[in-house]
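Got two chains here, each in a separate frame; can you build the complex from them with the hints?
Protein sequences, first through last, are from chains A and B. Those letters in the first sequence? Residues 1 to 346, per the working numbering, in order. Those letters in the second sequence? Residues 1001 to 1505, per the working numbering, in order.
Take these hints with a grain of salt, some might be off.
Claimed, not checked - Chain A is faced by these chain B residues, among others (derived, beta-carbon under 7 Å):
no. : residue
1   : 1097
2   : 1113
3   : 1121
Note that these hints are calculated values from the structure, not bench results. In this text the structure is predicted, and so the values were computed from the model without any measurement. The beta-carbon is built from N, C-alpha and C at its ideal position, and this holds for glycine as well.
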Amino acid sequence: MTVTAPESAPVAEVPKSSGTRLVDRVFKMRELAILAVFLVMIAVTQAGNSEFLSEQGIKDLLLNATILVLVATGQSLVVITRNVDLSVGSTLGISAFAAGTYLQGGGNPVVAIVLAVLLGIAFGVLNGLLVSFGQVPALVVTLGTLYIIRGIDSIWVGSRQITAADLPDGFIDFGAGGVSAVPWLALIALAVLVGTAYYLKHFGSGRELYALGSNPEAARLAGIPVRKRILAAYTFCGALAGLAGALYLARFGNVDSGTGNGYELTVVSAVVVGGVVFTGGSGSVYGAALGALLLTSINSVLPALGVSSVWVLAINGVLLILAIAVDRVVALRVASALKKRNARHG
Amino acid sequence: MTHRSDTGPAPVLALKDVSKSFGAVRALRDVSLELFPGEVHALAGENGAGKSTLIKTLAGVHRPDAGQVLLDGEPTVFHGPADARDAGIAVIYQEPTLFPDLSIAENIFMGRRPRRALGRIDHKATHEATLALMTRLGVELDPDRPARGLSIADQQIVEIAKALSFDARVLIMDEPTAALTGSEVARLFGVVRTLREQGAAVLFISHRLEEIFEICRRVTTLRDGAYISSEPLEGMTEDDLVRRMVGRDLEELYPKQDVEPGAVALSVRRLTREGVFTDVSFDVRCGEIVGLAGLVGAGRTEVARAVFGVDRWDAGEVEVDGKALTNGAPSTAMAAGLALVPEDRRAQGLVMDMSIERNIGLTGLRTTVKAGLMNRGAERSRSLDWAVRLQVKYARIADAVSTLSGGNQQKVVLAKWLATGPKVLIVDEPTRGIDVGTKAEVHRLLSSLAADGVAVLMISSDLPEILGMADRVLVMHEGRLTAEIPRSEATEETVMAAATGRAAA
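So that you can see chain B by itself, here it is in the shape it has in the complex (with noise of 0.2 Å):
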């Protein structure tokens, strides 16, 4: 039924008024998608707009409440994602979806496996598929290696060997590149390339604009589940997109403002921890937001685990106030006022089975509990307060955090140690993965805790945000602080320099 020469006008595979409710949720409202051979289309959309659904919707992960999905041209029905694969559909899922105890080559080809007679594998045609796919991705990976302990690129690549592995005519990438660095983002994308020359369709979703622009043809948008318009990518601007997204002028994305810094509040001097980080000092005065950036692995979130007393350094100091911290005792540094939201909130910012009430209340066990009982009316009060201040979108505070979109959810990060009212802060990757419109609002955040006197120390990987935001950037480069650049002086080009190790001068 595949008319590969036929690249006229039919879609490969479509999505025509599709609607698809969760309960009293309506996530999709009669949204229609077309993919063509050959073409990379983009999804846009803030987070929970429905991009997610979609993709289920799509891969037969859910089947639609009303509308069709359309392959081919024809109606057809996926009654699990065995079907969808079957039609020739790949889904590349935000959170890799990997079998941690099997190979990479059983990962790659579970449930479709060269056989032999009878039915049994073959164990060695599997393992030679998967090294041609190694191969043809440029990687060096052993395909009998255990999934288990692979980066989140190298997860990455065996997610896209799968979809390569049986010539996918539809692949579909939901932020494929939220976790990749620069050079991993541009071999993903020679892959994407290669795909479309072959005919293949692609779904690309992306939070980084300036990589829907660089690889889209086409893009359509959702917004609050609603089908909002697809159209060409060419003669847009990245304001245009943002407009059809957020549905409004977005305010200024680094509302930065300007602050007087005060007294040193976090001071840090010749930190070390042996094999991670060396002799790493700074100050970070209240009123000041410090930036500190640096490549994936440079070190950067191991220097907030230590401080904050997560990780044991080996030499070193630090001080909150004047205060010295002991060495790997959190509960110390809290009570100092220190606070750190993690880089990943899903497994060490949130308990995501339980309520957002919960989540905010469980800083404040120390204020909410009287005589060993906790208060649950304080404790609710004290949620709901913080909730409405941080305009977390949620239906009931009693439901459990993971119901949330991915931007909500680090607002209920916030929010849980903001409750703290702390007078220094870190916050690490703040705004990954979160859409544009609740990145101002984070953004926002950030710059009036700072302007009421809160130290605030920012990890990023993402440039723009850094220099738009940081009065002060700080370099990080395999595990040593190369540069300090004041907020005048912070470009991409300085700043990317001392990140790679060039002006360690």
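The shape of chain A in the complex, shown without the other chains (with noise of 0.2 Å):
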């Protein structure tokens, strides 16, 4: 590695343009855009109920966007290379019945954690191999993994159903306990998303996901072990769904066969309200993590200002919606701006 010795340059010298400056702000403000609308939605029910921000009430904000929050953090990273994983509702609800009957059995809590979390890694291992190796769509076979797992998940747990009663009672205080307002679950999801982050940033494996998602073709002639990286991304999902199993039997005690269903969609759209662009190559764990609180907390707000429930289904709709047509937008200003700026210079 022999990088020219920077001989007296003049750091200072090159200007900021304007259009980097531009493309900066509108990069952090994607994120920052939805933090705004939490804080003011946050706000405006705390204003119209008192009673909103309770302790308890910030305890179960937090519980409640837990999950959605690991799940989306492992669904970015694969979004990030220019595919997607829809068997994430499946692989969370095989891993929490996995540790449920581990635990019914008088097992050890965090060797059921580990056991979610290595079930969550076969299925991931399975699907990365599927999509970088079979060099199929990646919607497509996830969708047949999708279907697969829930199969299995039917086939093995039958209409059995695991209740809170049959958990070893320090399993269920983990759950519902914490310090203070902050539950155990949230630290977990907030560690492990501070983690997923530092890594994109600072690991060189980390923006080749980006790399990758950006120009696939590209990322081939630099050298980038394509294949290898994929199959990483969706190993590392998987065992975030996994995770993400355990510690919703934790937090609800209750699983049964038809746990998790369709929950990949709510995770795909937490994922892109957070600003992780579909195309690839772009997005941050942080929005997609603000994506998830956001939608997790809509479920709260509703009820607590006195509208009926039967509009969250509707309202996150809409926050999709809006969320694909400011990133439409903003791209369309970006992109002339910057060939402004071109145009001047050539």
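Have a look at this one:
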């Protein structure tokens, strides 16, 4: 690795062009915008119902968001590489039941969580192999594994059900407890989130995920091990879906063969609302986590304001389309700003 | 394993009797090539001669079926592009291969960034190394700016910076100048000369023969995948080189037939699109080829797009055969007999994954669709007819257009529009990135179309082409028409003076 020594490089002399500043601002703004919407929503709700931000209220907000944040973090990695994993809901369901079955037989909670994660990794590897080596579109492959995993789950579980009564008390306490208003589960999700974000920004293989989502052909020519990276992204996504399954069990204590059904669409919505671009190469896990927080909070906000919760789905849909529309408008504006700048130069 | 002091006869990188086939197509047959340190070596050949395959073999993208790649005289196998890069081989491809969402600095150092402890990326060192490279290249590009939206020239700069960043011992450039202006080419050549003096071996590919003679010392010629020769350029003439590439004497490159212009076919009056071009008026008569010259960015392509109706105009009018066209309506322009062969054939002219047959058929859907159903037979015979008339070289007419060489792709675009039987044909950079053999064919075609009474408006940045083919030359400068020069008075000097705004009076 030989980098030409910066022989008295005039660092300060290169002016930050207006085009760059604009782009910078827009990308930072994307996450800030969601945060702003979220805060306004919370403030309005608190004004309408002063009970909303009680200790228990905050705890509920965080607990509701935790599982979605985890799965959305994993999903972001896959979406950044220009792929998608639709099987996360099924993976979550089957890992939750597997962990529950183990605990029912008197198992150790830590081993139960590890078990769920390993199961998730197994399905992640399966997806990753099919997508990266099979050269089949991710949408179709993971739609297939969604049904396969759900099918296996149904055959195995049948009409059985695991309830909180079947689980050790310590596990249920762990699911409900925490440091004052901050639940343990939320702390786990936060740690995973921060770790993933740090990895994506500061490690070569993390940046390569962006690179190969941005231009797959160029990634190949740049010598990036494309298949390996895609496989790794799916494995990580599966692992987090498995972890989310174990946490789901701890939080709700109630699992059957339908657990996590349709969850993948909520996850994808959170990721897209959070500004991870579906065509790959751009977005952050923080954005996705904020998207998850926003979507789950609507569930708590509406009842607090006395609005029927039947509105939730419609509002989620509007948010999704709004997010895409905003992205599109911003992209067009940035493109034209950059073009104008080039025209002046050329 | 590098013997920098030993600049004797040992080539840094060489190919020995290399063959490579893709299915039934033999892209390379027993090709040999030697690259010595401190030399700029030209690779010449028509489109489809195997140059791209050769480059990709050197770059580790393709592995030869037979023969050897020699690195410092030792037989080597590159298992992938990373292997070749680690051996000090940098490739600048014809189409820039950047990551639009990543910053310029990340683009340059992708895969081999400066590291800190625990394998983390050193963002600060990356940024500073990029700044140093930009200073060395004499350009002002912000390292943190995303690559999206960079001009082609700036994208090339980033590619070159990438090659410089790891002190490449071998630099391979596939038509780096195709989209550059004169001053940008000069800047690029400056960099190439510096690299050569530092002992790098450079493999240079260009369709502009004068560039090959300007900067290269030796040339290797390929024809139809076969090795023809490797020899010094000294003492060679352009005609000698062309003869080796084409394998026959080239008929005249600009076979312009004299035609008596007829009635006005296309009339453009005071056309204005705010901020893009202003007050543009001109006529094109039947049988006439009018050249539209100017620097890149002068607004020529934009005028063509507005005339055809792809973009709206703000003021003025356009008439074809005396009938006014509707603003911003390509379908009425087509119905009136206008055809536009766009500049960027990959993005705008062709559906790359569709077959030759269906690409040509696209413009004829009106005539081949009966009662809402396509008549595939009619489409096929119409497409075959045009493909044969233009001598498109293809294996099967059902093959995807992306399998063709650049020159043949351009013929397919031409066929697609000629099949509509246009009265007015606008061609934008009709021979950019096309080899000399095909270039002459395209010129002959344009000339014979004009002789048949078609009015041709030809936008070109290739000055000899404008001078050789046009009956009249219109010159644009910064969005305005600055000169109209008849064929007899058009010279490089008069056209360039108007294009740079020096003779606006």
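Hints, verified against the model:
no.	hint	in the structure
1	1097	holds (4 Å)
2	1113	holds (6 Å)
3	1121	holds (6 Å)
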